[in-house]
Amino acid sequence: MFLMLLVVVLPALLVAGLLVLGKRRKRAGPTRPDSDSDSLSFVGGVLNALFTVVLAFYIVFAWQDGDDIEKASTTEANALTDTYWQVSSAPEPAASTIRSLAARYATRVAEHEWAALDQGRTDPEVDAVLASMRAEVTDLPADTEQQKSAREQALQNIRVIDENHRERVEQATDDQVFNTVLLVASIIGALLMVTFPLLIGISPTAANIATMVLLTLTLGFTIFVSLQLMHPLHGPFGVEPGPFRTALESFEGTLLTGA
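Residue numbers (the UniProt record's numbering): 1 to 259.
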């Protein structure tokens with residue numbers, strides 16, 4: 001709420017105040033030549049185009065970060081679920097151990113690692129659980145064709161989990177230098193969009209004041225949304241660990257039914 005007030009409401013009030021103050025202090029002066037007006041309109045159009053292009057690039061790249069994390073987590077959770085079911089033909093207690101580790105992995109990701117990644121930190125416990133699960137799957141017997149097939153498929157799933165986990169962690173903890181540069185450029189562009197008409201002396205009529213306030217509100221809200229996109233794991237556009245919670249629910253249902 002404070003951020004919304006800071007980047008949306010406050011600038012709009014400031015612009016309205018400046019225009020009203022300028023209206024009161026306006027004095028008669030020479031009329032600006034048409035050539036000057038055309039030049040200023042051209043400059044304003046260039047600023048508008050540059051702002052639009054930079055903002056569009058930022059939104060695309062920032063949104064892609066969250067989309068990549070979501071895809072990686074979905075693939076990771078699906079492979080984890082497959083592993084849980086693939087070991088059903090394995091002998092005990094190995095099957096129960098692997099299933100327990102799969103449930104522990106999903107729980108750790110959803111309840112601990114997700115929040116850690118949001119703060120730019122990793123969770124070594126997830127890697128430890130995955131290493132234990134890989135070791136247990138590797139030690140599974142392959143005496144029959146069914147057991148051999150289940151073991152090979154489970155190992156393949158472990159590789160998929162590992163690859164997508166590393167991709168998800170790397171994406172979530174990346175410093176996002178390029179996106180930050182684009183965001184800063186977008187903020188500067190928004191400021192220029194608002195201050196340029198004020199600097200060239202826009203007429204402080206009621207219509208112009210309303211237009212400038214609406215423009216400032218729109219740009220402020222756009223910047224507010226852009227700031228939210230910088231955090232792919234929380235906020236209104238944040239990716240949730242839903243696939244892991246869904247997997248965990250299916251695991252718990254299996255445990256309750258004794259399957």
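Rather than coming from a laboratory, the hints here were simulated on the basis of the structure. Backbone N, C-alpha and C define an ideal beta-carbon position, used for all residues, glycine too. Do not take every clue at face value.
[What the hints assert, rightly or not] Estimated spans, in silico, between C-beta atoms of each pair:
id, residue 1, residue 2, range
1, 217, 46, 21 to 31 angstroms
2, 91, 240, 29 to 39 angstroms
3, 63, 124, 22 to 32 angstroms
4, 124, 237, 40 to 50 angstroms
[What the hints assert, rightly or not] With a straight-line cut-off of 25 angstroms between C-alpha atoms, the simulated SDA-like cross-links for lysine to any residue are:
id, residue 1, residue 2
5, 71, 237
6, 71, 124
7, 148, 60
8, 148, 240
9, 148, 162
10, 71, 179
11, 148, 71
12, 71, 217
13, 148, 112
14, 148, 89
15, 148, 241
16, 148, 178
17, 71, 241
18, 148, 85
19, 148, 95
20, 71, 156
21, 71, 214
Which numbered conditions among the earlier hints are violated in the structure presented, ordered from lowest to highest?
When the structure is compared with the hints, numbers 4, 7, 8, 11, 12, 13, 15, 16, 21 turn out to be violated.
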